[in-house]
Amino acid sequence: EAQVTQNPRYLITVTGKKLTVTCSQNMNHEYMSWYRQDPGLGLRQIYYSMNVEVTDKGDVPEGYKVSRKEKRNFPLILESPSPNQTSLYFCASRRERGEQYFGPGTRLTVT
Amino acid sequence: GQNIDQPTEMTATEGAIVQINCTYQTSGFNGLFWYQQHAGEAPTFLSYNVLDGLEEKGRFSSFLSRSKGYSYLLLKELQMKDSASYLCAPRFLGGKLIFGQGTELSVKP
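Quick mapping for you: the protein sequence lines, in order, are chains Y and B.
Each number in this note's numbering corresponds to the 1-based position in the first sequence with 954 added.
Each number in this note's numbering corresponds to the 1-based position in the second sequence with 21 added.
Chain Y with its partners taken away, still in its complex shape:
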């Protein structure tokens, strides 16, 4: 089944404790992105990648890091999480001109 998976689905953590949210797709898509979604602000792009070893900042990259060492994986790293990073996070993938497929979401709470 074609899909985007992300883990964990739910995470409660404390300020400053490094965490990684994994994302994997099995559709051989070139493009992968991370979004955060907050009430009243919609989906905002954090980082995106156009292919292996090619990443670029989206609209709200501060406080986040990404890497794309393999085509299928695109982890999101929060080196020192803060409460303002409490949000619902989505990973997504697509071909250059195709529709975007979203993962199921990760609900992160930073206390």
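Hints were generated in silico from the structure; no laboratory data involved.
Where a beta carbon is used, it is the ideal one built from N, C-alpha and C, also for glycine.
Certain hints may be false.
[What the hints assert, rightly or not] List of simulated lysine-lysine pairs, DSS-like, C-alpha gap at most 30 Å:
no., chain 1, residue 1, chain 2, residue 2
1, Y, Lys972, B, Lys78
2, Y, Lys1025, Y, Lys971
3, B, Lys102, B, Lys78
4, Y, Lys1019, B, Lys117
5, Y, Lys1011, B, Lys78
6, B, Lys102, Y, Lys1025
[Claimed, not checked] Under 10 Å between C-beta atoms, here's a sample of chain B residues computed to sit facing chain Y:
no., residue
7, Glu62
8, Ala63
9, Thr65
10, Tyr69
11, Val71
12, Lys97
13, Ala110
14, Gly121
[Claimed, not checked] A short, non-exhaustive set of chain Y residues, derived as facing chain B with CB atoms under 8 Å:
no., residue
15, Leu997
16, Met1004
17, Glu1007
18, Tyr1018
19, Ser1041
20, Phe1056
21, Pro1058
Use these hints to put chain B onto chain Y, whose structure you have.
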């Protein structure tokens, strides 16, 4: 930056027709997606328009006017399960996809 406008909320009655509008800036435009998102879930693909005109897909249709920077999503024979947020997402040259804030549709019996 890009400014994508769609209404924040709409309400309609079961069985009716509703039209959700979206406007965007035309510079660098290269196609437009519509997504449906139920609360707490991932967005799911509804439609894609790159040429002017109407694309019909069952109860859902989407229209595009490239010159006017305008699109709409038309939902017919509304069902309660259509209560969701509808996201307009134009794509621009270079592949960048930008999402509007979404229109929260409530379908009443």
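For each hint given before, does the structure comply? Return the numbers of the non-compliant ones in rising order. The structure breaks hints 1, 5, 6, 12, 17, 18 and 19; every other hint is satisfied.
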